[in-house]
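In case you want the letters, here they are:
There are 2 protein chains.
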Amino acid sequence: MKNILDRNQNKANEVRDLLISKKVLMVNIISSPGAGKTTLLEHTCEELGNKFRIGVIEGDITTDRDAQRLKKYNIPIVVINTEGGCHLDSHSISKVLDSFDLDKLDILFVENVGNLICPSQFDLGETFKLAIVSTTEGDDKPAKYPMLFREAAAVLLNKIDLIPYTNFNYESFRSDLGKINSMIPLFQISCTMGDGMEEWYEWISKKMKD
Amino acid sequence: MKNILDRNQNKANEVRDLLISKKVLMVNIISSPGAGKTTLLEHTCEELGNKFRIGVIEGDITTDRDAQRLKKYNIPIVVINTEGGCHLDSHSISKVLDSFDLDKLDILFVENVGNLICPSQFDLGETFKLAIVSTTEGDDKPAKYPMLFREAAAVLLNKIDLIPYTNFNYESFRSDLGKINSMIPLFQISCTMGDGMEEWYEWISKKMKD
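These protein sequences, in sequence, are chains Y and P.
Using the working numbering, the letters of the first sequence map in sequence onto residues 1 to 210.
Using the working numbering, the letters of the second sequence map in sequence onto residues 1 to 210.
Fair warning: there could be bad hints in the mix.
A pair holds if it fits inside one copy or across any two, identical chains being indistinguishable in the list.
Heads up, simulated DSBU-like pairs for lysine-lysine below, C-alpha to C-alpha not over 35 Å straight-line [stated by the list, open to error]:
no., residue 1, residue 2
1, Lys-51, Lys-144
2, Lys-104, Lys-179
3, Lys-179, Lys-71
4, Lys-144, Lys-22
5, Lys-2, Lys-51
6, Lys-2, Lys-72
7, Lys-179, Lys-72
8, Lys-95, Lys-11
9, Lys-95, Lys-51
10, Lys-179, Lys-95
11, Lys-104, Lys-144
These are calculated hints, taken from the structure and not from any lab test.
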């Protein structure tokens with residue numbers, strides 16, 4: 001396991017150096033299955049597609065369904081099917097970077113495989129990791145899956161429109177998250193209803209200008 | 001990887017032989033984080049705790065929160081913290097079986113780590129796997145994570161009370177599932193609201209009597 005992680009880290013460092021030289025921001029998006037990664041990308045492409053040059057790497061066990069959903073935005077998209085693998089690694093990212101013209105990109109979103117665990121442990125060479133967690137998963141996710149919340153640069157709490165129909169306790173969620181990563185920016189959003197999305201667009205736009 | 005799976009399989013076969021000799025049914029419950037595994041166990045203990053002798057193995061990355069929720073049922077519970085591991089394996093199950101008096105159990109529920117991927121690949125020696133998927137995760141989960149749905153003996157579609165607030169398409173879900181495993185029993189339930197739970201109790205009770 002240590003060997004695998006070391007080899008992954010070396011390649012991730014190469015990827016990071018390349019992206020820095022090309023001034024491309026890479027965001028590694030991690031969440032449970034169905035927390036809203038693709039829906040976030042749909043709305044982000046819609047809103048920011050005219051201001052920034054966006055590319056996407058879609059990581060999935062199988063199928064290109066997520067990529068199909070993003071096709072309408074006419075952006076470069078590459079699918080990585082892991083065929084059973086539960087996370088992306090830096091070697092698979094490095095391979096597909098050739099398919100992009102990095103001189104013509106501002107940001108490359110990587111939608112990792114739907115999984116809260118292993119994707120947090122593999123550096124892809126990203127600029128930062130972004131955690132999405134949805135209210136319907138329950139308020140105990142930061143306490144039970146701390147690695148991701150320790151690693152991420154920001155947390156998007158999605159599906160806040162469904163809170164009234166669940167037993168999600170925001171105070172408990174906030175408190176657990178604070179114990180793991182007290183300074184982490186937290187955005188309360190509903191990708192489908194639009195709540196809180198302006199703050200997210202502002203934050204990610206600022207990251208691209210930095 | 002093949003070595004790991006072979007060693008896991010050998011130990012799983014031992015576990016299975018032991019459980020058969022003791023007439024204990026072992027159910028390996030697999031789902032995404034927050035799909036409702038623990039809530040299902042709470043209600044199942046409440047409903048069937050007087051009819052059957054139930055034990056639980058709680059698999060979690062860290063914390064004993066799920067076990068705490070089940071404490072009130074006065075049943076034997078053992079926690080396995082995987083400390084970063086994204087699934088249980090047969091060796092960890094074999095080790096903790098000593099903590100149970102198998103002569104005094106009818107059923108042993110194993111709540112696997114919240115993850116749709118690797119837990120499907122590791123036989124624990126269970127009698128069968130049970131898949132839980134919640135409507136709020138979207139209707140595309142069988143197509144995107146086929147392994148679990150191929151392996152499981154039944155699927156519980158949980159949180160059906162939330163369908164009106166999502167874009168979950170039951171026909172699409174059913175059709176994708178049918179392509180992967182056409183004969184699999186599918187229960188539409190809401191653990192929190194009680195819908196469909198009678199059918200689940202009947203089904204699992206029948207499995208224990210078989």
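Here is how each hint holds up against the structure:
no.: 1; hint: Lys-51 / Lys-144; result: between (38 Å within a copy, 32 Å between copies)
no.: 2; hint: Lys-104 / Lys-179; result: neither (40 Å within a copy, 41 Å between copies)
no.: 3; hint: Lys-179 / Lys-71; result: between (40 Å within a copy, 25 Å between copies)
no.: 4; hint: Lys-144 / Lys-22; result: between (37 Å within a copy, 33 Å between copies)
no.: 5; hint: Lys-2 / Lys-51; result: neither (41 Å within a copy, 48 Å between copies)
no.: 6; hint: Lys-2 / Lys-72; result: neither (41 Å within a copy, 41 Å between copies)
no.: 7; hint: Lys-179 / Lys-72; result: between (41 Å within a copy, 27 Å between copies)
no.: 8; hint: Lys-95 / Lys-11; result: within (10 Å within a copy, 37 Å between copies)
no.: 9; hint: Lys-95 / Lys-51; result: within (28 Å within a copy, 57 Å between copies)
no.: 10; hint: Lys-179 / Lys-95; result: between (37 Å within a copy, 32 Å between copies)
no.: 11; hint: Lys-104 / Lys-144; result: between (40 Å within a copy, 31 Å between copies)
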